[in-house]
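Numbering-wise (the UniProt record's numbering), the sequence shown opens with residue 1 and increments by one.
What the hints contain is simulated information worked out from the structure, not anything from laboratory work.
Please note: incorrect hints may appear among the correct ones.
[As the list claims (entries may be wrong)] Taking lysine to any residue pairs in the SDA-like style, the calculated list, with each CA pair at most 25 Å apart, reads:
(1) 213 - 22
(2) 320 - 296
(3) 144 - 257
(4) 141 - 161
(5) 320 - 133
(6) 246 - 145
(7) 302 - 251
(8) 141 - 151
(9) 213 - 26
(10) 144 - 56
(11) 72 - 98
(12) 56 - 90
(13) 140 - 26
(14) 72 - 50
(15) 144 - 244
(16) 72 - 46
(17) 20 - 43
(18) 293 - 244
(19) 144 - 167
(20) 141 - 288
(21) 275 - 179
(22) 141 - 46
(23) 140 - 257
(24) 134 - 244
(25) 134 - 120
(26) 56 - 136
(27) 164 - 152
(28) 302 - 166
(29) 257 - 181
(30) 141 - 120
(31) 215 - 31
(32) 133 - 103
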Amino acid sequence: MVSSSAFETTLNLPSLDLSKPLQPSSLSSLSEACHQWGFFNIINHGISKDLFENIKSFSNQLFDLPSEAKLKLGPSSSIKTYTPQFIASPYFESFRVSGPDFHSSAQDSVDVVFDNNNNNRHEFGEILEEYGKKMTELAKKIMKIVLMVLGDGFDTRFYDLDFKNCHGYLRINRYSPPTNLDDKKAIEGLGMHTDMSCITIVYQDEIGGLQVKSKQEGIRWMDIAPSEGTLVVNIGDLLQAWSNDKLISSEHRVVLKQPENRLSIAFFWCFEDEKVILAPNEVAGNEEMRLYKPFVCLDYLKFRESNEEGKFEKVGFTVKDFVAHNTKIELCTKVHPVTQ
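All chains, full assembly: derive it from the sequences and hints.
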């Protein structure tokens, strides 16, 4: 799966062709990728190049706005759909569009930052509604295939039981490298992290820069090169916990190697907030082999987004850090019981 040269090391991920019936050989290579890397590609996914190009065009109009306009959607606003530079990285900014009503979510943001004279502002909501709906159906399909990786018939056994109430949201990300970027030395556009999702589906433009942490001795990072018509799928922390580490949520990052802006669109497919995450016995093996105590999805999201130990600005925290954090709280409570 790895090809190397003196200058770079690229991870050659399997590509799942969604236009064809799933073959045992495809499932086998997909299983290896999910267990070893937590990443794979999909092709013939039904999302057109024109749709991607339209989103890129409108997104760049948003990102090109003055900072004071974008900050009307920032962390101090009532909408909070914009993450400005210097929060996660000096080179990273993003807009969030929440489902299931992607149109309203996008339009609420656009109406704040564009004046009424902008005739294109209504189109952005329509385009993102189309994209959000397509990605929702795609995520459902991929989720069932990933369950098949865990065991024969697991898609029919567990999808309705545990995954039918999942929901999705979009993050449109732009990376702006410094003007003095040395093409011989890449810089981090977004540091090492794992995703707070069951699965994430990523469109990355031709600039590239996505890397997964290497498990090969002597090599720290593996490039996931962009390819036209290909989407990248990765396993998130929530599915790693549900699968009892049978599926891996790998640490990854984005590096900037070229003096050009990079744009990506990430679709995060997540459990509902109130979902109690617990690996089924058929997945874990038995009670003694279960690696995670049951936890509520929202508690984990709050830990990653708000807690000083786990918040997004401190990239690098994972679901295992959350479990360790909760265990530490339990131990402290036993040693120093709370009295009324």
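Results for each hint:
1. 213 - 22: 29 Å, violated
2. 320 - 296: Between residue 320 and residue 296 the Cα gap is close to 14 Å, so the pair holds against 25 Å.
3. 144 - 257: 36 Å, violated
4. 141 - 161: The given pair, whose Cα atoms are some 16 Å apart, holds under the 25 Å limit.
5. 320 - 133: 32 Å, violated
6. 246 - 145: Judged against 25 Å, a Cα distance of about 15 Å means the pair holds.
7. 302 - 251: 20 Å, holds
8. 141 - 151: The given pair, whose Cα atoms are some 16 Å apart, holds under the 25 Å limit.
9. 213 - 26: 24 Å, holds
10. 144 - 56: 29 Å, violated
11. 72 - 98: 17 Å, holds
12. 56 - 90: Given pair residue 56, residue 90 holds - Cα atoms ~21 Å apart, limit 25 Å.
13. 140 - 26: Satisfied, since the Cα-Cα distance of roughly 18 Å is no more than 25 Å.
14. 72 - 50: Not OK: residue 72 and residue 50 at ~30 Å, beyond 25 Å, violated.
15. 144 - 244: 17 Å, holds
16. 72 - 46: Not satisfied, since the Cα-Cα distance of roughly 35 Å exceeds 25 Å.
17. 20 - 43: 10 Å, holds
18. 293 - 244: 10 Å, holds
19. 144 - 167: Answer holds: residue 144 to residue 167 is near 15 Å, not above 25 Å.
20. 141 - 288: 32 Å, violated
21. 275 - 179: Violated - the C-alpha atoms of residue 179 and residue 275 are around 45 Å apart, more than 25 Å.
22. 141 - 46: 12 Å, holds
23. 140 - 257: 34 Å, violated
24. 134 - 244: 29 Å, violated
25. 134 - 120: Roughly 22 Å between the alpha carbons, so the hint for residue 134 and residue 120 holds.
26. 56 - 136: 19 Å, holds
27. 164 - 152: Holds. Residue 164 to residue 152 sits at ~19 Å (cutoff 25 Å).
28. 302 - 166: 18 Å, holds
29. 257 - 181: Measuring from Cα to Cα gives roughly 8 Å; hence the hint holds.
30. 141 - 120: Violated: residue 141 and residue 120 sit about 32 Å apart, past 25 Å.
31. 215 - 31: Holds - the C-alpha atoms of residue 31 and residue 215 are around 17 Å apart, at most 25 Å.
32. 133 - 103: 10 Å, holds
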